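Protein chains: 2
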Amino acid sequence: MAEEVKVLRTWSSPFALRIVWALKLKGVEYETILEDLSSKSPLLVQYNPVYKKVPVLVHNGKAMAESLLILEYIDETWKQKYPLLPEDPYERARARFWAKFSDDKVLPSIWDAFTTQGKEQEEAIMPVMENLKLLEEELRGKKFFSGETIGFLDLALGWLANLVSMFEEITGLKMIDEETFPLLVAWIHDFSHVPLIQETWPPRDRMLTKFRAMREPYLAAARNHLPK
Amino acid sequence: MAEEVKVLRTWSSPFALRIVWALKLKGVEYETILEDLSSKSPLLVQYNPVYKKVPVLVHNGKAMAESLLILEYIDETWKQKYPLLPEDPYERARARFWAKFSDDKVLPSIWDAFTTQGKEQEEAIMPVMENLKLLEEELRGKKFFSGETIGFLDLALGWLANLVSMFEEITGLKMIDEETFPLLVAWIHDFSHVPLIQETWPPRDRMLTKFRAMREPYLAAARNHLPK
Numbered sequence: 001m002a003e004e005v006k007v008l009r010t011w012s013s014p015f016a017l018r019i020v021w022a023l024k025l026k027g028v029e030y031e032t033i034l035e036d037l038s039s040k041s042p043l044l045v046q047y048n049p050v051y052k053k054v055p056v057l058v059h060n061g062k063a064m065a066e067s068l069l070i071l072e073y074i075d076e077t078w079k080q081k082y083p084l085l086p087e088d089p090y091e092r093a094r095a096r097f098w099a100k101f102s103d104d105k106v107l108p109s110i111w112d113a114f115t116t117q118g119k120e121q122e123e124a125i126m127p128v129m130e131n132l133k134l135l136e137e138e139l140r141g142k143k144f145f146s147g148e149t150i151g152f153l154d155l156a157l158g159w160l161a162n163l164v165s166m167f168e169e170i171t172g173l174k175m176i177d178e179e180t181f182p183l184l185v186a187w188i189h190d191f192s193h194v195p196l197i198q199e200t201w202p203p204r205d206r207m208l209t210k211f212r213a214m215r216e217p218y219l220a221a222a223r224n225h226l227p228k
Numbered sequence: 001m002a003e004e005v006k007v008l009r010t011w012s013s014p015f016a017l018r019i020v021w022a023l024k025l026k027g028v029e030y031e032t033i034l035e036d037l038s039s040k041s042p043l044l045v046q047y048n049p050v051y052k053k054v055p056v057l058v059h060n061g062k063a064m065a066e067s068l069l070i071l072e073y074i075d076e077t078w079k080q081k082y083p084l085l086p087e088d089p090y091e092r093a094r095a096r097f098w099a100k101f102s103d104d105k106v107l108p109s110i111w112d113a114f115t116t117q118g119k120e121q122e123e124a125i126m127p128v129m130e131n132l133k134l135l136e137e138e139l140r141g142k143k144f145f146s147g148e149t150i151g152f153l154d155l156a157l158g159w160l161a162n163l164v165s166m167f168e169e170i171t172g173l174k175m176i177d178e179e180t181f182p183l184l185v186a187w188i189h190d191f192s193h194v195p196l197i198q199e200t201w202p203p204r205d206r207m208l209t210k211f212r213a214m215r216e217p218y219l220a221a222a223r224n225h226l227p228k
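These protein sequence lines map, in sequence, to chains A and B.
Quick note: the first sequence uses the UniProt record's numbering, first residue 1, plus one each step.
Quick note: the second sequence uses the UniProt record's numbering, first residue 1, plus one each step.
Incorrect hints may appear among the rest.
It does not matter which identical chain is used: a pair holds within one copy or between any two.
To be verified - Below 25 Å or equal to it, Euclidean Cα-Cα: the simulated SDA-like pairs (lysine to any residue) are:
id, residue 1, residue 2
1, 53, 199
2, 100, 75
3, 62, 164
4, 105, 39
5, 133, 196
6, 62, 163
7, 81, 164
8, 53, 68
9, 81, 118
10, 79, 223
11, 174, 50
12, 53, 172
13, 119, 61
14, 52, 134
15, 174, 82
16, 143, 209
17, 53, 169
18, 26, 219
19, 133, 165
20, 40, 164
21, 62, 136
22, 119, 4
23, 143, 216
24, 142, 42
Just so you know, the hints here were simulated from the structure itself, not pulled from any lab data.
Remember, it's a predicted structure, so these values are computed and weren't measured experimentally.
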């Protein structure tokens, strides 16, 4: 069967990387369509009219959005090779739970700590620590979140392996230190160095420039609202 | 196999009803454990330590949270009877997409319109209309979101069938009128009157009292911040 698989992504989106990784793990050939979110293509608007965001997967003309849901689609469509989710329904529920937790809680909390300073940041770091402790527990006894090899939850949390060290470099705030989070530190190292993952990381310098620029308006807004 | 199935819920939670409906559709016997969120039981804290929220499903001693994920678990565990999600991976992705959209966008927008008044409410109603139009489109050519019979997406959107008319009664603001949303109006009627659904609705008077009380602090806060 001639498959047509396209991934609409940006050069930097950590959510789009989930899709790239899943397709690579499954050995599915795909075409990359690079989007510039500052000037969205008609294709992106057509394929993801609700959110107009990347990633979008287009498979034989059918488009879908939401990276975690695309992972499920990829796992269901290309079943034979490299299952992403475990087989057991309870383990599947567990992987999905922590993936959702990553998007709903971990990432927003880390973003809050990244975009604040001083006393505000001291408060913002507390939920980060609580959330990371839960992830640390989830890693206990395992090399990867999915066990001996990477799977659904590792792909879902992949952004953590890439972004946190940049956020730390930009802010000077250590979020994931080895003493508090030895398993997460080991996971970040191991996951980042899986060859198939390693070759996909966007250029660090360009990412740092991008995130520095994204952070600036938050700091400026905070400066303008300082109590007199 | 002796199954032990428990549902931790409150008398009013629309998310817990998703689980009740799914188990009833599957013909799974279960025990209800009624929680009072103003005084959370040790059981709830033990079973859902991250969110301490209902619903929680406990199956043979294994607990899980997040109602949409529990629906997936139920569908995967009791496969034979009454499949909730369609078989086709693309249709599954589509059902999951709109279910997530319902939780991420539709419900928060309706809540905003419910908890505001006057000019603020006029602004809040605009995203509600946009979101509902997307759901209206999704119903085109179908009786239920899942087709001829109710399924995953109908259960996910079940709160809409119950809450909106109460919110309308409390605020005096019409959100889903027959002229703009004929398919949604028909769906609300048809879904609400599926016998298995109809018998589960919480008492309307008690719900109205609860939501009036939940709305009051928002209005009080708005009054206190009125420009002088």
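Hints, one by one, checked against the model:
{"no.": "1", "hint": "53 x 199", "result": "within (24 Å within a copy, 40 Å between copies)"}
{"no.": "2", "hint": "100 x 75", "result": "both (17 Å within a copy, 19 Å between copies)"}
{"no.": "3", "hint": "62 x 164", "result": "neither (34 Å within a copy, 33 Å between copies)"}
{"no.": "4", "hint": "105 x 39", "result": "between (29 Å within a copy, 24 Å between copies)"}
{"no.": "5", "hint": "133 x 196", "result": "neither (27 Å within a copy, 42 Å between copies)"}
{"no.": "6", "hint": "62 x 163", "result": "neither (31 Å within a copy, 33 Å between copies)"}
{"no.": "7", "hint": "81 x 164", "result": "neither (31 Å within a copy, 45 Å between copies)"}
{"no.": "8", "hint": "53 x 68", "result": "both (14 Å within a copy, 23 Å between copies)"}
{"no.": "9", "hint": "81 x 118", "result": "neither (49 Å within a copy, 56 Å between copies)"}
{"no.": "10", "hint": "79 x 223", "result": "neither (52 Å within a copy, 56 Å between copies)"}
{"no.": "11", "hint": "174 x 50", "result": "between (37 Å within a copy, 24 Å between copies)"}
{"no.": "12", "hint": "53 x 172", "result": "neither (30 Å within a copy, 36 Å between copies)"}
{"no.": "13", "hint": "119 x 61", "result": "neither (50 Å within a copy, 43 Å between copies)"}
{"no.": "14", "hint": "52 x 134", "result": "between (32 Å within a copy, 14 Å between copies)"}
{"no.": "15", "hint": "174 x 82", "result": "neither (35 Å within a copy, 50 Å between copies)"}
{"no.": "16", "hint": "143 x 209", "result": "neither (32 Å within a copy, 51 Å between copies)"}
{"no.": "17", "hint": "53 x 169", "result": "neither (27 Å within a copy, 36 Å between copies)"}
{"no.": "18", "hint": "26 x 219", "result": "neither (42 Å within a copy, 53 Å between copies)"}
{"no.": "19", "hint": "133 x 165", "result": "within (17 Å within a copy, 42 Å between copies)"}
{"no.": "20", "hint": "40 x 164", "result": "neither (27 Å within a copy, 35 Å between copies)"}
{"no.": "21", "hint": "62 x 136", "result": "between (38 Å within a copy, 21 Å between copies)"}
{"no.": "22", "hint": "119 x 4", "result": "neither (51 Å within a copy, 49 Å between copies)"}
{"no.": "23", "hint": "143 x 216", "result": "neither (37 Å within a copy, 50 Å between copies)"}
{"no.": "24", "hint": "142 x 42", "result": "neither (44 Å within a copy, 29 Å between copies)"}
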